[in-house]
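Colleague: Each chain, written out:
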Amino acid sequence: MKQKRVVMGVIGVDAHVVGNKLMENALRQSGFKVTNIGNFVIQQDFIKAAIETNAEAILVGTLCGHGELDCQGFREACIEAGRGDIHMVVGGNLVVGKQDFRGVEERFMDMGFNRVYPPGVSPSRVIEDLKTDLGVSQE
Amino acid sequence: MKQKRVVMGVIGVDAHVVGNKLMENALRQSGFKVTNIGNFVIQQDFIKAAIETNAEAILVGTLCGHGELDCQGFREACIEAGRGDIHMVVGGNLVVGKQDFRGVEERFMDMGFNRVYPPGVSPSRVIEDLKTDLGVSQE
Amino acid sequence: MTVRNMRWSDEEFKKEREKVLSLWPTGKEVELEEAIAYHKNLPDHKNYAKEVRRAKAAGITLCQPRGGVALIDDHIKLLKTLQDEGGADLLPTTTDTYTRNTKFQEAQRGIEESEKAGRSMLNGLPVVNHGVKAVRSVVEAVDRPIMTLAGTPYPRLTSEITLAAGFTGFLGAGISYPASYIKAMTIDEGIRHYQYLDRLVSTYAENGVLIHREQPGFLTGTLIPPGIGIAIAVMEMLLAAGQGVRHYSVGLAQNLDLLQDVAALRVLEEVCHYYLRKFEIQDMFISIATHQWMQAFPPDEARAFSVIVMGGIIAALAGATQVITKTTHEAIGIPTRQANAEGLKATRMAIHLTRGRRLVEDEEMEIEMEMIRREACQIVDKALELGDGDIAVGAVRAMEAGTLDVPWAPNQHVKGAVVPVRDAAGAVRYLHTGDLPFDREVAQYNQEKLKQREAKERRVCDFDTAMGDILEICQVC
Amino acid sequence: MTVRNMRWSDEEFKKEREKVLSLWPTGKEVELEEAIAYHKNLPDHKNYAKEVRRAKAAGITLCQPRGGVALIDDHIKLLKTLQDEGGADLLPTTTDTYTRNTKFQEAQRGIEESEKAGRSMLNGLPVVNHGVKAVRSVVEAVDRPIMTLAGTPYPRLTSEITLAAGFTGFLGAGISYPASYIKAMTIDEGIRHYQYLDRLVSTYAENGVLIHREQPGFLTGTLIPPGIGIAIAVMEMLLAAGQGVRHYSVGLAQNLDLLQDVAALRVLEEVCHYYLRKFEIQDMFISIATHQWMQAFPPDEARAFSVIVMGGIIAALAGATQVITKTTHEAIGIPTRQANAEGLKATRMAIHLTRGRRLVEDEEMEIEMEMIRREACQIVDKALELGDGDIAVGAVRAMEAGTLDVPWAPNQHVKGAVVPVRDAAGAVRYLHTGDLPFDREVAQYNQEKLKQREAKERRVCDFDTAMGDILEICQVC
Ligand code: B12
Ligand code: B12
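Residue numbers (the numbering used here), protein chains in the order written: chain A, 1 to 139; chain B, 1 to 139; chain C, 1 to 477; chain D, 1 to 477.
Derived by calculation from the structure, the hints in this document are not laboratory data. Wrong hints could be hidden among the right ones.
As the list claims (entries may be wrong) - Below, computed lysine to any residue pairings styled on SDA-like, alpha-carbon distance capped at 20 Å:
#, chain 1, residue 1, chain 2, residue 2
1, C, K80, D, D300
2, C, K415, B, E52
3, D, K56, D, D300
4, D, K183, A, G38
5, D, K116, A, H16
6, B, K21, C, R357
7, C, K451, C, M467
8, C, K56, C, E269
9, C, K103, B, K21
10, D, K183, A, H16
11, A, K21, D, K183
12, C, K456, D, G356
13, C, K183, B, V104
14, D, K183, A, A49
15, C, K116, B, V104
16, D, K456, C, G356
17, A, K21, D, M467
18, C, K456, D, A58
19, C, K103, B, F40
20, D, K456, D, V476
21, B, K33, B, E52
22, B, K98, C, T336
23, A, K2, A, G38
24, C, K415, B, H16
25, C, K14, C, N41
26, D, K451, C, R357
27, A, K21, D, T465
28, B, K21, B, V34
With these hints in hand, go ahead and build the complete structure from the sequences.
Modeller: This is the structure we're talking about:
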């Protein structure tokens with residue numbers, strides 16, 4: 001396959017690194033070209049990295065619960081930067097507390113994310129979806 | 001106080017003796033005259049003992065879950081035996097499984113019990129109610 | 001008294017069987033040969049005995065829930081949940097109390113009312129009323145071995161039906177169950193009923209079908225001192241062996257004192273082997289089962305989880321082969337299948353978390369073990385003495401004499417002079433030893449332990465203390 | 001680098017305080033004298049230090065939950081539930097991550113959005129934004145001591161506000177938190193920030209107000225080898241002592257291996273006292289805290305209960321004075337107050353069930369303790385060497401050199417060359433020891449342990465094994 005480029009990182013003042021490293025590892029092993037901008041990054045960092053690497057997707061991790069605040073306006077910022085088309089994925093412990101996931105998914109979809117995952121989602125599920133969404137032929 | 005006479009026992013093929021002994025102990029210490037006919041007794045045993053001792057109340061314990069079957073027709077049997085007026089109390093693990101207690105209470109009230117207690121009720125609560133119901137003055 | 005610890009002759013057994021199978025119409029469904037053929041076609045992983053043996057060899061602790069509901073379809077759903085969600089290693093079929101007391105008419109009414117009400121009105125599965133074919137559909141529906149949990153002094157028809165259906169384990173024994181589950185039956189009769197069952201199991205074995213027998217050491221479940229529990233386990237093992245049973249587990253209920261519970265389980269195994277050697281029974285497989293807290297549970301579910309998890313940890317730290325699990329609904333009523341599966345999951349996780357570590361035997365534990373050993377052996381030896389070497393005779397006479405006793409038993413043939421109470425450290429001791437045949441050392445040790453508690457709490461240990469100890473766990477915090 | 005382990009002069013401290021208190025408008029609310037007077041009027045049972053000291057003397061394990069929500073009223077409800085339903089001995093106030101990173105603007109937005117949404121949009125209580133008076137209303141509303149759980153490398157204004165409000169405990173320290181909670185701060189700066197806090201606590205003490213300081217030994221919570229956890233605890237204790245703090249607890253996260261966890265907690269206390277003696281610090285109170293599993297939790301609640309209960313048992317068997325509890329919601333999100341109370345109840349019950357028994361120190365544990373002791377001391381001694389006897393300097397240089405390292409840390413000033421992995425028995429070892437200054441004996445012991453696992457599993461231990469171990473508990477069964 002032609003390697004697809006993605007940018008990933010953990011948004012906000014969020015110190016959780018383990019899931020991020022695990023996911024990076026899995027993505028690389030599945031043939032993605034990954035730019036991992038790590039933790040403590042803001043929306044602009046993601047967008048800058050996406051433009052620089054000409055990435056097809058932004059993968060936002062958010063664990064600490066502030067995802068709902070930290071992700072507000074993300075799609076709009078992409079549009080402003082001229083990358084309104086970019087595929088956007090978010091995963092982790094997206095919101096504060098145990099909430100019905102369907103409601104959470106809806107809120108993040110409304111913010112313009114294309115895929116929204118519940119806590120503890122397996123990397124393989126994320127990767128499969130990503131392949132489908134980016135049109136990577138699965139052999 | 002004039003000692004009130006009560007008959008108590010555990011109905012049906014029910015081997016649980018601990019609560020019965022505990023309750024007997026508590027009733028005696030509170031000044032009741034108790035006839036404890038023990039475990040493995042049927043409705044007729046209760047009624048016979050109540051008539052023999054001229055008791056004012058029958059206290060039915062049922063732990064194993066068959067209370068709903070074992071207690072059917074108990075009030076009618078009392079009426080038939082000429083003691084339709086007797087005060088009837090039931091306590092223990094009355095039904096099979098964890099059920100909403102209000103529904104359980106209603107079903108046993110419908111069967112003609114005057115007081116219905118949930119699992120693990122404290123003897124002191126039962127005794128207080130009994131004193132009220134039998135008109136024992138509480139000093 | 002007629003009972004003896006001797007294997008029933010074929011003739012005697014056959015005569016009795018006819019009577020037993022005619023107790024209820026479904027008895028006619030039992031065909032031994034067909035059943036044997038059926039068992040022989042069962043895969044190994046559906047045979048209780050084989051699974052237990054494998055686990056024991058591997059040093060693994062298997063999780064074994066309880067459970068039964070009135071109707072076959074619901075019962076299958078229950079077992080599947082226990083298997084698939086709970087991860088049960090072994091599956092149960094608890095019978096209802098009407099069946100346990102041969103009140104098959106009432107059980108029938110229970111089935112009908114359950115159908116009407118759309119919920120189980122019975123506290124177990126009435127296997128006799130359902131009959132062999134229906135019960136076999138349970139065996140077919142799951143992928144684990146099934147044991148009958150019949151908690152009854154009348155196991156005969158129940159065992160015929162469930163074994164013919166393809167169950168491969170049976171819990172119960174002739175002293176424990178008459179003592180704890182009924183008011184009027186003599187121990188004599190109880191032993192005879194279980195001799196029947198053991199003789200039946202032995203008949204299966206002669207025909208190449210291994211059935212696992214399990215002894216229910218929990219008795220009344222209420223602060224049973226380990227010496228008593230072990231003594232009865234030994235006696236019942238010898239009784240089973242007497243009928244030809246060779247695959248047996250013995251059990252004890254947890255008293256929720258880490259040290260004493262582990263000590264007791266280790267002594268249990270040891271003392272069983274001691275008497276097997278003594279009676280020159282060589283080919284007996286013995287495994288150790290531990291029952292999670294059998295007494296009044298905390299109604300609060302979080303606390304109940306603690307009791308359950310501690311139970312898993314005790315099982316693992318003792319190296320028991322089987323742990324029988326409880327649920328967070330215990331204080332209230334028969335658990336839903338979800339709650340039942342949760343008890344399993346918590347227990348399995350607890351076993352995982354102990355990572356195969358065992359509790360160390362330090363001096364304190366050695367002393368505890370020695371005292372438990374003495375208690376158990378003194379009770380068994382006295383029974384053997386009273387029975388002129390025959391443990392069946394001895395058990396009956398010992399119970400009469402009170403040299404064997406069960407606290408809080410409903411049976412009027414049990415003396416009930418023994419009153420258990422905890423010591424300062426939490427171990428179960430005796431407020432009254434009744435007529436237990438303990439020597440001076442045991443008695444003194446017990447007294448010392450009680451004094452320590454009295455000193456610690458600055459008040460005497462009396463009957464109220466003993467009552468309070470019964471409520472300890474359900475009222476804690 | 002400017003940091004030194006020396007008590008800040010009054011002048012230096014005063015100058016810094018002015019800056020700190022002007023970081024956000026609510027800083028103006030802080031009046032030291034008024035605060036001291038307020039503290040002096042608090043009853044003993046609302047003083048963290050006194051409660052911990054009492055528990056330690058009595059050999060009791062106190063339960064200490066975590067928790068915080070955006071709005072004051074909801075936070076009060078939470079603490080009351082923890083106190084009344086959960087039976088918490090000590091109460092928490094967890095701050096949100098905006099506050100932890102001095103993003104008070106965002107915290108303000110979080111408050112507003114929470115009000116709008118009718119649910120907490122923040123993962124903690126933004127104490128700085130709420131200010132002294134509002135936070136004091138929390139102190140007034142409950143009947144237990146409260147500690148700030150600020151998980152931050154910027155504790156200064158937060159400590160000013162919460163101590164002035166009447167909180168009597170503060171969790172955090174200058175190496176752990178910069179290492180685990182931020183990406184870019186130097187250890188140097190982190191130490192300085194906590195020197196400020198410790199200096200403030202010491203100022204309260206000089207004025208007759210005892211504040212309890214607690215060290216957060218869990219670090220990244222992710223399979224921290226006890227040697228590393230203990231070494232950092234010792235360094236942070238010495239740093240606190242350097243500012244005049246004399247009431248301190250040190251902690252470790254549980255790794256869920258009974259033997260190693262208990263061994264580690266015992267060595268932790270021992271090694272702390274060893275260095276206190278070495279530095280001739282005589283009047284320091286030290287207590288031991290154990291944190292229930294800090295890593296990925298099982299999403300299944302029954303299994304999560306197992307992890308929590310095991311955590312209570314480890315705490316009790318080790319004789320720890322404090323256990324910090326988790327909840328069954330851990331894998332998913334900030335717990336509801338009910339779930340939080342349940343974690344407490346399960347833990348308290350578990351402690352009750354261990355009945356004051358302690359895990360026996362057999363030879364295996366002695367060896368484990370000896371190895372942990374060596375690891376910890378070798379790391380600390382190396383740091384002292386690098387710092388020419390000054391632990392502040394030493395800590396910074398050791399982290400640079402990698403002779404001090406924290407696995408899975410987000411901080412770019414942490415080398416991150418150490419990779420932990422479990423051994424065959426479940427204890428945490430090192431797949432890579434990086435630049436840790438271990439002697440041959442420690443290294444060999446570690447190698448041996450890894451080989452045992454490789455032999456048992458018939459495959460090499462590599463990075464994938466280490467990754468797998470991180471997921472072990474959340475994926476088990
Ligand atoms: C110990 C015990 C046993 C022992 C009994 C020993 C003995 N000789 O007493 C043994 C092991 C033998 C046993 C057997 C069985 N048990 Co049982 N047992 C228990 C257990 C764990 C504790 C009971 C106890 O001693 N409590 C302590 C005493 C002091 O409390 P109590 O009995 O609840 O009584 C209190 C109140 O309820 C009240 N009360 C009691 N009687 C009365 C009477 C009146 C008039 C009033 C007002 C109040 C009142 O006052 C007491 C003080 O608070 C309970 C569960 C629990 N509570 O945790 C299950 C329980 C009662 N058993 C149960 C069952 C089903 C059985 C079995 C059928 C086996 C099975 N299918 O699992 C057999 C029954 C055999 C038979 N023929 O009855 C179920 C009943 C289920 C239901 N109702 O839905 C329970 C609730 C467990 C469960 N959740 O499944 N059991
Ligand atoms: C370890 C841990 C920590 C460590 C982090 C160490 C480190 N350097 O990483 C420490 C102790 C420092 C910590 C601190 C805090 N934590 Co924390 N932490 C955890 C914990 C226990 C495990 C996280 C973990 O490592 N999991 C293992 C990895 C492999 O799994 P993962 O991170 O979930 O990632 C998986 C998926 O979610 C997914 N995924 C991850 N990223 C992405 C990205 C994309 C695009 C996709 C598609 C998928 C995806 O893939 C991974 C593989 O399955 C979780 C709870 C839990 N899960 O049990 C809480 C948890 C995440 N922490 C939480 C919180 C709140 C905090 C704190 C704010 C303290 C507090 N208030 O309690 C601070 C935050 C500090 C900060 N500035 O962020 C909360 C978040 C609450 C919420 N969302 O409602 C959690 C859920 C605990 C809880 N229930 O309260 N924490």
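Colleague: Given the hint that K456(D) pairs with V476(D), test it: the Cα-Cα distance must not exceed 20 Å.
Modeller: holds, 19 Å
Colleague: Given the hint that K451(D) pairs with R357(C), test it: the Cα-Cα distance must not exceed 20 Å.
Modeller: Measuring from Cα to Cα gives roughly 19 Å; hence the hint holds.
Colleague: For the pair supplied as a hint, K56(D) and D300(D), is the alpha-carbon distance within the 20 Å limit?
Modeller: Not satisfied, since the Cα-Cα distance of roughly 34 Å exceeds 20 Å.
Colleague: Would you mind confirming whether the straight-line C-alpha gap from K103(C) to F40(B) stays at or under 20 Å?
Modeller: Cα-Cα ~13 Å, so holds.
Colleague: Mind checking the alpha carbons of K98(B) and T336(C) for me, to see if they're no more than 20 Å apart?
Modeller: With a Cα-Cα distance of about 8 Å, the restraint between K98(B) and T336(C) holds, given a limit of 20 Å.
Colleague: Holds or violated: K56(C) with E269(C), Cα cutoff 20 Å?
Modeller: Given that 20 Å is the threshold and the Cα spacing comes to 12 Å, the pair holds.
Colleague: Against the 20 Å threshold, does the CA-CA distance of K116(D) and H16(A) hold or violate the hint?
Modeller: violated, 28 Å
Colleague: Mind checking the alpha carbons of K183(D) and G38(A) for me, to see if they're no more than 20 Å apart?
Modeller: holds, 9 Å
Colleague: Can you confirm whether the C-alpha distance between K21(B) and R357(C) stays at or below 20 Å?
Modeller: With a Cα-Cα distance of about 41 Å, the restraint between K21(B) and R357(C) is violated, given a limit of 20 Å.
Colleague: Hey, K415(C) versus E52(B), does the alpha-carbon distance stay inside 20 Å?
Modeller: violated, 28 Å
Colleague: Does the structure keep K116(C) and V104(B) at a Cα separation of 20 Å or less?
Modeller: Given that 20 Å is the threshold and the Cα spacing comes to 17 Å, the pair holds.
Colleague: Check the hint pairing K183(D) with H16(A) against an upper bound of 20 Å on the C-alpha distance.
Modeller: Given that 20 Å is the threshold and the Cα spacing comes to 10 Å, the pair holds.
In the structure shown, a violation is registered for the earlier hints numbered 2, 3, 5, 6, 9, 13, 23, 25, in ascending order.
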